[in-house]
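Given next are the chains, with one letter for each unit.
There are 2 protein chains.
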Amino acid sequence: MNVNKDLQNERNKCSFNVRELTEFIDGGKNRTLERKHIEKLILAQKDELFGGTPEDYLSHKEKYERAIQTNVIILKIVQDFMRDANGGDLTNYRDVLTTLLNFVVSREGTPFALHFMMFLPVFLSQADEEQQMEWLPRAWNCNIIGSYAQTELGHGTFIRGLETTATYDAATKEFVLHSPTVTSYKWWPGALGHTANYCVVVAQLHTKGQCHGIHSFIVQVRDEETHMPLAGIRVGEIGAKMGLNMINNGFIGFNHVRIPRRHLLMKHAQVLEDGTYVKSRNSKLNYGAMVFVRVVIVFDSVNYLSKAVTIATRFAAVRRQSQLKANEPECQIIDFLTQQHKLFIGIATCHALKMTATKLWDTFNEVQQQLRGGNLERLPELHALACCLKAVSTADTAALAEGGRRACGGHGYMRSSGLPQTCAVLDAACTFEGDNTVLLLQTARFLVKVWRGLDTLKLTPTVAYLRTTLTEGFNDKWDNTVEGIIKGFQTVSMRKISECVSCMAKRMMSGMSQEEAWNMTSVQLVAAAESHCRVIIISYFHEEFVKVSSSFSPALRRVMKLLVELYTLYWALDKLQDLLKYTSISKTDTEQLQERYEDTLNALRPDAVGLVDAFDIMDEILQSTLGAYDGRVYERLMEEALKSPLNAEPVNRSFHQYLKPLMQGKL
Amino acid sequence: MNVNKDLQNERNKCSFNVRELTEFIDGGKNRTLERKHIEKLILAQKDELFGGTPEDYLSHKEKYERAIQTNVIILKIVQDFMRDANGGDLTNYRDVLTTLLNFVVSREGTPFALHFMMFLPVFLSQADEEQQMEWLPRAWNCNIIGSYAQTELGHGTFIRGLETTATYDAATKEFVLHSPTVTSYKWWPGALGHTANYCVVVAQLHTKGQCHGIHSFIVQVRDEETHMPLAGIRVGEIGAKMGLNMINNGFIGFNHVRIPRRHLLMKHAQVLEDGTYVKSRNSKLNYGAMVFVRVVIVFDSVNYLSKAVTIATRFAAVRRQSQLKANEPECQIIDFLTQQHKLFIGIATCHALKMTATKLWDTFNEVQQQLRGGNLERLPELHALACCLKAVSTADTAALAEGGRRACGGHGYMRSSGLPQTCAVLDAACTFEGDNTVLLLQTARFLVKVWRGLDTLKLTPTVAYLRTTLTEGFNDKWDNTVEGIIKGFQTVSMRKISECVSCMAKRMMSGMSQEEAWNMTSVQLVAAAESHCRVIIISYFHEEFVKVSSSFSPALRRVMKLLVELYTLYWALDKLQDLLKYTSISKTDTEQLQERYEDTLNALRPDAVGLVDAFDIMDEILQSTLGAYDGRVYERLMEEALKSPLNAEPVNRSFHQYLKPLMQGKL
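Chains A and B are the protein sequences, given in the same order.
Each residue of the first sequence is one higher than the one before, counting from 1 in UniProt numbering.
Each residue of the second sequence is one higher than the one before, counting from 1 in UniProt numbering.
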């Protein structure tokens, strides 16, 4: 391979073993080998997967057709591999899912994501055993493709307000699904447009003249042979979006569609043949699937951010622009401190969020065990944690990817860079599966409840610091170490929650209702929940690093320690107003933090390319003119431009039709 | 018109006369009438302009063809109107330009923008009289369409590094244009792909064996009759981008292309027939066109932001979601304080930036007068001001439009909302005509120079506060009024510049070169330049409001005063860390600011829809399912979805080809 000289030079001077870090990121040597094996299988079908006109030049309809073509191939490869690797057993669910998500080769998503991310998990958590026996094998094998229809045109966040009805008819032992208004049309479900033939539908359950709130039903949408929509069903796709145009988001409306009684998912609540409604033991049990999905979103966001920083960092090493000193050759833009400031935090964030999400995933599995034993104690905490972590992770990764994109200048605006599409995916994640502001307010609600019961409640681990920080006081001498900063953030979070509570109390004293006071304080509540989340992420990152670093070689330990340091300093400086307001940090301390931050950027500079190489994203997955491993940036930009169908003719027909008459004054 | 009830209700309760504000925004009653007249002319050609498949479903090539079709029609309407209105005189340049930019009906830009925004202004400022006589009339009438080719694949920011050469051949009295490398290909010029037939090309001028740096040349690119590229020229479009796909950005390479000597633009520097180079009087004179373009960018950014806030605010009034109180009907989301926090600052920003840009524009014209008189005194200040104002305006409008987009939840991700395209235009502006980071560093360089000469230099108006703030001291008692906050920001800016200078001095003392110290301090320098810009914008907004408000009715004065207040409070809270670090503001003060900010949001709430109605953007320009005047949000979303060609068939062909074999295990 003919590698750009500057990029090669960066690799030569890297201080640590890149493969060692790659294996750590993958979760072990075997995982890396496994991944590389799948990559080989994908490359074997390179022509069919990556040939033809680039997707960015296609029409909306052509993009969908391309998406089906390539994603069917990928899905088949992953399925076969997992089946072989696990002796026919596909039940290691997170493996299948993350492997699949890692190998999305269409830059605007895959129509099969929802089948694995929502349809199957919801089914697993809400169908009873008999239903699982009936449906799961076919769903696992993709004999049917499912979607998950909850959101409606008129309702997203507030699911209690959903309008779709499922009314039980005891005479025929069927539910009648109906969409009474335009706003009750389901809107957004991935794959639902023209791909899925089954769907879990969330609707208001009515029986014996009473409404029992929302429940989930499995509904066949299209004929399995002809794929034609079934009678009474109006289904289609919702149209072009900012990104993710290969997800095939759809709408669906029901005109008195009848489904059998047993299509209500009955693990928790049931409707008996005569129409009697049997309540769920605990309505909070459904939180499980939501927590699962939100953790997956954090992992997936890290995935996309690592693409963005790989592209932007390699480009910054290849791009030469301006002189640091007069009469010297132009420098690599990665030598500019402002550029390091934009990029390196992105690298650190990938590790910080991945370690946090892994820990959350483990906690999730523990709590699942406890749930099975009937212990619901940690469920609210886990839910609150997943809410804020999803919100902060998606917001941070979206902002940092966008920062990386802009750091590539104009070329980052080219779709051939892959950056606009990557940013658009991360952007969507700020909204889907719970709007970030709404999620942070849910976390805030939990925190306020904890704060109000601080004297009496047994505190679960992630909020225990609220009491200790309060007891130990926050006026301790400030300490500029990572541990000191974490303590500072704990104080900030504690004080913010405390102030929100006081502020609401004051407002209620002056005559506001509790709800009005909550609303008037909500901007501060959102900020408090974010602060809490920063405590969790920074302290998890630090703790996990300390835990795993003993297994690292000294060189890797050194560079990872720099990343932990960088991450902590970055957020200390970003949230300086909080530290200044709530802790005893001095102006001199802040100046030292700033200087140490600048020095840390410099210390990371020589290893930056090595750090993104360690993400080990192959060119065919990265799909970027700016970020390919060999650094042939300019040649690739030109090659991709020449593939534009507009460039196939020297003169476009619109010249004769419109432009020439205009120029010659004959219009 | 059947208007959504909630929206109508908002309009009924608006406290001020919307038309009064509209006329103020337009710049007078007559301007409003003029605009409405052009709108009528455009609506008369509604079918041809807005019919057919929505542009979001088209392929890249089809988008270009649509762009030419619609923009030729619009251009013709504006031209005819301006000619009639000005008795054949089209020289009121800013009018033509802003009118044209206001009426861009393609959501991804117009291929004619560059002709007016760059080609003509550069020509006006760099061509000598004879050249202007020869070319201008044809350019004014669009008999030729021009582009401006400066940026190359390998060089954007650092124009001294451009590689394209123009070598004078005294024997034939011609320049030979040449692109020696791939990286020397011009890349990005709008309209250059398949639209423009002329182009101003920036190249390194060589004569008599010497290089004299970059100069501008006018070059014919395509035959006027056939539109075929001329010999030796390789031209095409650069491919799909994140947005602005109707701009038709192009690339061009020259293979020893010969152009006459008089195609060098000779207002400032000349090459005589024998090849003698005659230097420009002052190399800074070219700053004029750059300042002009940057002011236009600020106006245009405001334009796009006002679209985004119109859409998001109207949607927030129509959308009902969740309950503020249990058992009440669902509330309009505009009632949530978090929503007001996201939207109202956008409305205030439109006014703040527009007033600032107007003042900068007037200053620009004054300085142009002085330049003609040989007085270059204010040029560096003006240049520094235009740099930071372009950077801060584009960054703010991009962030606020994106915030507004996200505030619409999932629907803001739909292209039919118009928001993704609007955000993508604003995003591009952060990079084009000077990357924002680079521009802020240019302002910083000016500020550092001023600071170092504080005792001796005569200070120009926009930096005079540096001395007065220093002299009057910054430890005065803090004052929470708008004036007090402005004074606080002046102190912050002064202190930051001062600290940057100390920091660099310290680094140089410890052995760094001046350039290294500059680079290591550049993150802080960028922040200092931003602070300076905040001083300018907030104080201009405040001053201009005080100046014009006497002509407002009391009701309008009240609401505009709230906007000034909101804008100031928002930035005080956003930049609290600076105020805490550098002024005597107390924690109690900050709490009062927060409370006043929340109260101001509430006070603006009833007038929010009126405020965006006052931007008076007609539906055909706004092109948004979420933002149309009548608020038929959900019906429009569905109507637009149904226009997707993918929805024309119930089953897509990819089902038979790929999906069915997969589902039936026959792949």
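Each hint should be verified, as a subset may be incorrect.
For identical chains, the list gives no copy identity; a pair is met inside one copy or between any two copies.
Here are the simulated DMTMM-like cross-link-like pairs (lysine to aspartate or glutamate), alpha carbons at most 25 Å apart as the crow flies [unchecked claim]:
hint : residue 1 : residue 2
1    : K359      : D26
2    : K587      : D599
3    : K449      : E377
4    : K561      : E328
5    : K449      : E129
6    : K561      : D362
7    : K63       : E639
8    : K660      : E65
9    : K506      : D335
10   : K359      : D274
11   : K506      : D589
12   : K643      : E62
13   : K660      : E62
14   : K643      : D47
15   : K325      : E163
16   : K61       : E635
17   : K666      : E134
It is worth saying that the hints were derived from the structure and are not from the lab.
Hint-by-hint comparison with the structure:
no.	hint	result
1	K359 with D26	within (15 Å within a copy, 56 Å between copies)
2	K587 with D599	within (19 Å within a copy, 31 Å between copies)
3	K449 with E377	within (14 Å within a copy, 63 Å between copies)
4	K561 with E328	neither (34 Å within a copy, 53 Å between copies)
5	K449 with E129	neither (36 Å within a copy, 76 Å between copies)
6	K561 with D362	within (23 Å within a copy, 53 Å between copies)
7	K63 with E639	both (21 Å within a copy, 21 Å between copies)
8	K660 with E65	between (36 Å within a copy, 14 Å between copies)
9	K506 with D335	between (52 Å within a copy, 21 Å between copies)
10	K359 with D274	neither (46 Å within a copy, 76 Å between copies)
11	K506 with D589	between (34 Å within a copy, 17 Å between copies)
12	K643 with E62	both (16 Å within a copy, 15 Å between copies)
13	K660 with E62	between (31 Å within a copy, 18 Å between copies)
14	K643 with D47	within (16 Å within a copy, 33 Å between copies)
15	K325 with E163	between (66 Å within a copy, 20 Å between copies)
16	K61 with E635	between (30 Å within a copy, 22 Å between copies)
17	K666 with E134	between (71 Å within a copy, 22 Å between copies)
The earlier numbered hints that this structure contradicts are 4, 5 and 10.
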